[in-house]
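Participant: Residues per chain are reported as follows:
Protein chains: 2
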Amino acid sequence: MTDRNTRHKTAMEKLKSHVDDKVAQANEERGQLLVFTGNGKGKTTAAWGTITRALGYGYKVGVIQFIKGLWECGERERLAEDANLEVHAMTTGFTWDTQNRDADTAACQAVWQEAKRLMRDESVYLVVLDELTYMVKFGYLPLEEVMTALEGRPEEQTVIITGRNANREIVACADTVTEMTEIRHGFNHGLKARRGIDF
Amino acid sequence: MTDRNTRHKTAMEKLKSHVDDKVAQANEERGQLLVFTGNGKGKTTAAWGTITRALGYGYKVGVIQFIKGLWECGERERLAEDANLEVHAMTTGFTWDTQNRDADTAACQAVWQEAKRLMRDESVYLVVLDELTYMVKFGYLPLEEVMTALEGRPEEQTVIITGRNANREIVACADTVTEMTEIRHGFNHGLKARRGIDF
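Protein sequence lines correspond, in order, to chains A and B.
Here the first sequence is numbered in the working numbering, starting from 1 and rising by one per residue.
Here the second sequence is numbered in the working numbering, starting from 1 and rising by one per residue.
Pulled out of the complex, with its shape left as it was, chain A reads as follows (with noise of 0.2 Å):
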């Protein structure tokens, strides 16, 4: 065996006992809350890949979009057949296309009602919130009520918050947290949304 190997071979049988490890103090049991924040590409996509894996077991997955709902949306689709996935999608669409707050603030009203529904449901797996936190932020759902239903569901379901500028008080509960960090977006520098990637 050259120098080369056996260096790469104990530099691997360390990082194995390292992981061994921690695998070995990671025995706690139930559902999660994760969110994905930060100014860069991939929340809501880690999201749907997420969404695409609890499905690929036969887990029943509940999906809220709070801003997307108007747009095309290929995973949407890829997924629409399967009986275990539920997605609401607020009507209005993009806030800033309705400027009308009282309008947003209904219809937001109405999906958080199916969000609250799915978090007491213990058959379902997997919630998505998607974009959740504009909705606090722009103060057309109470901090209050989202931190009561994550605080009162069911302890093996997992609920995932996505959205930029996440709340410290929802980041303060959460299991995993990721900041995706933008350090370069095509669309900042000419590249159209393109189809089947971006949307």
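It is worth saying that the hints were derived from the structure and are not from the lab.
Don't take each hint at face value.
Because identical chains cannot be distinguished in the list, a pair is counted as satisfied if it fits within a single copy or across any two copies.
Said to hold, decoys possible - Heads up, simulated DSSO-like pairs for lysine-lysine below, C-alpha to C-alpha not over 30 Å straight-line:
1. K137 <-> K14
2. K22 <-> K192
3. K192 <-> K9
4. K60 <-> K9
5. K116 <-> K9
6. K22 <-> K116
7. K14 <-> K60
8. K60 <-> K16
Got chain A sorted already, so can you dock chain B onto it with the hints?
Facilitator: Just chain B now, with coordinates in the frame of chain A:
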């Protein structure tokens, strides 16, 4: 209209105008190079979200899994019956489980041949090179080969590269780069990886 509603309308109009301007300026259409890097959760998951999205429009997708080949994988199961999806996984699994540099290099090179074929195929809309960054870092795959394949690919083809510590040269030629930064990860405070959520 209340003051609050007026302020909201003005703010939303300003935001809409800003977004409209950016959309108007973004008129270049072609395949892109996306990089999901960083130490946080969501890189591979965002890639699978994009895969689901592209399949939703009936596009052909090729996936090379450079590390997680032997893992149970809900998203792959969910989409397995899709004739437009082609997945190749490195058969040695996690590299620190094998601790054999020569075997890892050979396994990497075998799937890399599939990657190169996909990146020459004009009918493939999206190619995902999952965890490729480690292959370059470990020296299993020369960076020059990766750059040559990226530069020579069809103009309409999008490539997603995932993995920590993305190589500087790859980042430099990417259109969109997101750094998934770990703010918190349940695994590090005792939460077991969860079926249908983490894998």
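Participant: Taking the hints in turn, state whether each one holds.
Facilitator: Outcome of the hint check:
1. For the homomeric pair K137 and K14, the shortest alpha-carbon distance between copies (17 Å) is at most 30 Å, but the shortest distance inside one copy (45 Å) is not.
2. With identical chains, the CA atoms of K22 and K192 are at most 30 Å apart between copies only, with a shortest distance of 10 Å across copies and 43 Å within one.
3. In this homomeric assembly, K192 and K9 come within 30 Å of each other (Cα to Cα) only across copies, at 27 Å, whereas the closest approach inside a single copy is 46 Å.
4. For a Cα distance limit of 30 Å, the shortest separation of K60 from K9 qualifies neither inside one copy, at 42 Å, nor across copies, at 38 Å.
5. With identical chains, the CA atoms of K116 and K9 are at most 30 Å apart between copies only, with a shortest distance of 28 Å across copies and 51 Å within one.
6. Taking CA atoms no more than 30 Å apart as the test, K22 paired with K116 passes in neither setting, with 35 Å inside one copy and 36 Å between copies.
7. In this assembly of identical chains, K14 and K60 lie within 30 Å of each other by CA distance neither inside one copy nor across copies; the values are 39 Å within and 40 Å between.
8. When the C-alpha separation of K60 and K16 is checked against a cutoff of 30 Å, the pair qualifies neither within a copy, at 34 Å, nor between copies, at 36 Å.
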